[in-house]
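Got two chains here, each in a separate frame; can you build the complex from them with the hints?
Residues per chain are reported as follows:
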Amino acid sequence: MMKVKRELSSAAVLFFICLALAACSSAPVQKGDTLIEPKFPSEKILPEDATYLSDQIADPMEGFNRTIYRFNYRFDRYLFLPVVSAYQTILPDFAQQGVHNFFNNIREITTLINSILQLSFKKTYQTTGRFVFNTTFGVLGLFDVATVAEIPRHQEDFGQTLGYWGVGNGPFLVLPILGPSNLRDGVGLAVDTLTMREIRNWVLDLETWQEWTWLLTDAVDTRANVAFRYYETGSPFEYEWVRLLYTTKRRIDIKK
Amino acid sequence: MIRYISALLVLLWMATGWASTESYDYPFDNNFIATVVGTPSEYRAELPAKIPVKNRRITIFKDRKVPEVLWHDRQLRYSYALQKNPAPLVFIIAGTGGSHDGGKNTNMARAFYQVGFHIVSLSSPTHMNFIVAASNSSVPGHAIGDAADLYRVMERIWDQLKTKIEVTDFFLTGYSLGGFNTAFVALLDEKRQTFNFTRALMINPPLQLYSSVSLLDRMLENIPGGVDNFHRFYDRLVEEIGRVYKRSDSVSFDEEFLYQAFAAINPDNEELAALIGTSFRISSANMAFTSDLMTNFGFIKPPNIYLKKNSSMAVYNRVAHRLGFTDFFHIYFFPYYKKQDPGLTRELLIERMSLTQIEDYLRTAKKIEVMHNQDDLILEPGEIDFFPRVFGVRAKIYPKGGHCGNMDHRDNVAHMVNVFKPSGH
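Protein chains in written order, with the numbering used here: chain A, 1 to 256; chain B, 1001 to 1425.
One chain only, chain B, in its complex shape (with noise of 0.2 Å):
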């Protein structure tokens, strides 16, 4: 008989499952496509198409030396939307390269300031105006260290805005990289205590950060020729989306046409690959060169050659896009962090560099919270159980939807804003 009520109850448990997937209607079922096209405005959360964000910039650093060819950054630029009346505040951080105005901060930002919460949006410690205006040691990829940076950021930015508006609770939240950045600001602030996070939701964080930029370099290797032929498969696809508009009555690349591109240009897995792979190597390319400027390490710039304002960068262009993450993990950030500590060994600052260092904070930490997708592209295969392992009921993870291609889902948006509700709980 027992037998017979645990196969019942199996069953039931399967059936619920089932129905919670199906019920979800992200409509892609590749996580590449997902992960390059996002989600199509049918399936979008109705969000409000303006909130008075205020763009702002803030000096970090008093006597920061900013190279020349640097000069427009040396005030971090960040975002923030007020309420009038007494909030919680989230502060939400931008993956790779991502800036506070991008897409997903931006959309983000709608969704939270929707429900009632003043938003301040932060650029990632890995874009050129965080590296430069922000970073202490502007070698950005270090958890700890970034996430030390991106404190004394809230802090200074709060200090600000303390005089402003009336605070109920602290937030933090952040996608891809943004969300690892998450965990380790919510574990500073558990010392340092200024804000007193009650909440925190990592969205699509990499477990081990090495494990997926090894990943993202590799899809680079989905260029037909290798890199070598990069402007090739440029033109290539130039040539697609230039006939694709030739035919459609759209007058501007907006996302409905690009939409319409993509259907009709219909890539295969490799060339999304190439293309999410391209993305990221302009991030990290971005990221490197900023870096080398900064501190002079000669990673592609001779280390004595002094850039002018005017001067013509296109070689280490080229040198910079034919590097990846894992060149720059290797040839400079672990030797330059190895200089402050020579018993450092690269499978050292790996682990470091890494959730699982943390995992009894966040196994007992209630306050933060995962959402992350099965199919995740920056995850190697079964790094995706870690999450329900150790956050248990506080991770959510969504069946479909590829590298953050479902945040702007209704279900997803709701998901987000029910966290940081206190009803939600």
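The following block holds chain A by itself, in its conformation from the complex (with noise of 0.2 Å):
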């Protein structure tokens, strides 16, 4: 154990300086003394009085997300994904569809504890529903037996419910490995896990290794789960689009 934390605790050194090498190198270089006109000037093409979408989305630290991106794309590329299509490759369809109802089954418990900080009734009952039905009948949520029953999933998060009572995005963040999020979906991330781990730490007493052992398998299902692969957008402006559509969709789920 030890050692595992001196490696992790070197690699986060070692991030780090990458960070601080990488965020004192984000303004464009002009080559001589006067500017070159493109074809396309911005100040002819765009009306003065215009608005954008992307005015809408603070992003004071531009620089510094853009390198955490660049960061996760090796990650992925050179970690994470092999491990997920290492895992794909293992196990067999039915005990990967195994583990996906398994984390759903636990994730039902943040929905639950954020439904009710929403206040509403029908996704506290139907969660509820959903997750005494999993845990019994579906095998201690194996299987998804709530589905076949149609009762309907809800997913709230912390970061949702704050929404939900007036608290906006904050500025936008990339997170380590975890990806698009924003200041306040990050509290709410932070919240959701250390309840989760609480709650975790109560009812099954696990030891430090099968915590471990959980955590990666939960972050193994979640990536092989989510189709995104990072540059592979086929757009320069892959990085604006993220942000974009990350805040939308949140914007649509806290309505929901």
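It is possible that part of the hints are untrue.
Covered stretches of chain B, as calculated for chain A (at least 3 residues, CB under 8 Å) [stated by the list, open to error]:
hint, stretch
1, 1080 to 1092
2, 1117 to 1128
3, 1317 to 1330
Computed list of lysine-lysine pairs in BS3-like fashion (alpha-carbon distance at most 25 Å, straight line) [stated by the list, open to error]:
hint, chain 1, residue 1, chain 2, residue 2
4, A, K249, B, K1246
5, A, K256, B, K1246
6, A, K31, A, K44
7, B, K1065, A, K31
8, B, K1162, B, K1084
9, A, K39, B, K1246
10, A, K122, B, K1246
11, B, K1246, A, K255
12, B, K1308, A, K31
13, A, K123, A, K256
14, B, K1309, A, K39
By construction, these hints were calculated from the structure, which means they are not laboratory data.
Note that beta-carbon positions come from the ideal geometry of N, C-alpha and C, so glycine has one too.
Okay, structure coming up:
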């Protein structure tokens, strides 16, 4: 365990050195004293009073975020995705589905807590139903019998709860490994994660290695079910698109 | 008597013609809906959910200089799925801005793999990754240049695969711009003969690139209030999708939900045209800006400004989405190629970027087939007639489907597969 910790902390140090190096190089460089005008200079093309979708999204830490974005690509490509693909090769499909159902069922607890916090009777009632159904008849959540019984699934987290009570997005953030987020959702994620950890420790009292296995399997299952690949959208404006679509999706999620 | 018989024959012919349209049960008569929605699941061909696809990267130009912001696209990404036994190999070329692992390429790959072919799937020469890693000029959209780039890529990939598999025949196909590319690659192959394609299939190709891209550019005029109001159009769309999402039981934006949303919102033709126009505008912005970064032409970015990995691109993003394919053609593409050939005129260049340029070849090349839709949105009125006129029986024209909307329909998939099966002819 000590060894793991040491490796993790040296990885963290390395990570922040990379950040520090990268953060200072975000301004475009001009060669020569006078700017050579392009065929379509922005001053001539963009109307002065135009407003844009991105105006609604604060991103004061863009340089830093882009650095994390690149780190995530490398982490994905050289570690995360190879592990995911090994997992998919080794485990038969039905077992993967079982793992996926299991963690989805655990996540119902997060949804349940946040449905209560959002004072939604319907979501609370349905989510409780799903959790009870799947934990019992679905053998600890390995089978998703609640969906077969047509009980609607909800996904609520503390970021959405904060949004429900009127908390704004805050600045856009790209979180290491986890990807696009914002201050509100980042705080929400921390709260949900800590809450789940407390509940897990209280109910199961896992050993450290068991807890790590739990967390890593959860992470691999989550990544296996997200199709997104960094830098594969075919757009030089991918970062801007991800920022816009993430923000839009969360806006819709909070209303639901 | 002869008149009666001929009248009877005409009637019979009409009846069979009728019958064949009647039995084609693709559900949307509106070509805008068809283009946006595609084929609902109950009309689709049954395809395997998973095939053993490998995603790979390959270096095409060893000494290529790539600007810092495009560092991630040095190598070309592509995919293949191989059979264990000797089999034909199909190259699949994606349409405008399309990726090798996009939805249409993936479905075609499944269909061809299922009937026992090796498949190699390629991104469009207009895709960012292709422009950066595999385009010789990095100025895409040139019929002959793109074909040469594609051919080089195919040869390199084949170099790596030929030790692994045995190939009995080479086939070639592509949809939309990829269908157009297919014709010019097939023509190039006559000279180069690396593959000696035994058959090629063009799916919903444009006839004349310039007229198709002008049509697509004009579709954006359907945004209420014009392009200046794009953000309002987007906000309203999101608002409406959000409203449907709130009421539905779905927790993800899956295909089924999008059908639901579509039915609930029930957009009119103008809104659909605006959507289609937006989708192509995104492709043209990606293509033009990537190309500009590669050649430093000074189309959108000042040529003496160099972007860093973390530089914000907000301003260029906004400008790029205000310019269409036709701006790219007149202000960048044409001057770029005129520099290499001072006698070149706009009219000449437009004429050259057209299937009519190789009409004689297409008429005689029995190996090339085409499938198209009578109501395809990327064709000007009357342009569709070119295909039956030139290809004769090698043209299969469906009565509906819009632009590529019916590609997943079971009849269309069956036809695609049949074209490549020896028993099909």
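Evaluation of the provided hints:
{"no.": "1", "hint": "1080 to 1092", "verdict": "violated (count 0)"}
{"no.": "2", "hint": "1117 to 1128", "verdict": "holds (count 3)"}
{"no.": "3", "hint": "1317 to 1330", "verdict": "holds (count 7)"}
{"no.": "4", "hint": "K249(A) <-> K1246(B)", "verdict": "holds (12 Å)"}
{"no.": "5", "hint": "K256(A) <-> K1246(B)", "verdict": "holds (5 Å)"}
{"no.": "6", "hint": "K31(A) <-> K44(A)", "verdict": "holds (22 Å)"}
{"no.": "7", "hint": "K1065(B) <-> K31(A)", "verdict": "holds (18 Å)"}
{"no.": "8", "hint": "K1162(B) <-> K1084(B)", "verdict": "holds (13 Å)"}
{"no.": "9", "hint": "K39(A) <-> K1246(B)", "verdict": "violated (45 Å)"}
{"no.": "10", "hint": "K122(A) <-> K1246(B)", "verdict": "holds (13 Å)"}
{"no.": "11", "hint": "K1246(B) <-> K255(A)", "verdict": "holds (7 Å)"}
{"no.": "12", "hint": "K1308(B) <-> K31(A)", "verdict": "holds (13 Å)"}
{"no.": "13", "hint": "K123(A) <-> K256(A)", "verdict": "holds (10 Å)"}
{"no.": "14", "hint": "K1309(B) <-> K39(A)", "verdict": "holds (24 Å)"}
Checked against the numbered hints listed earlier, the structure breaks hints 1, 9; every other hint is satisfied.
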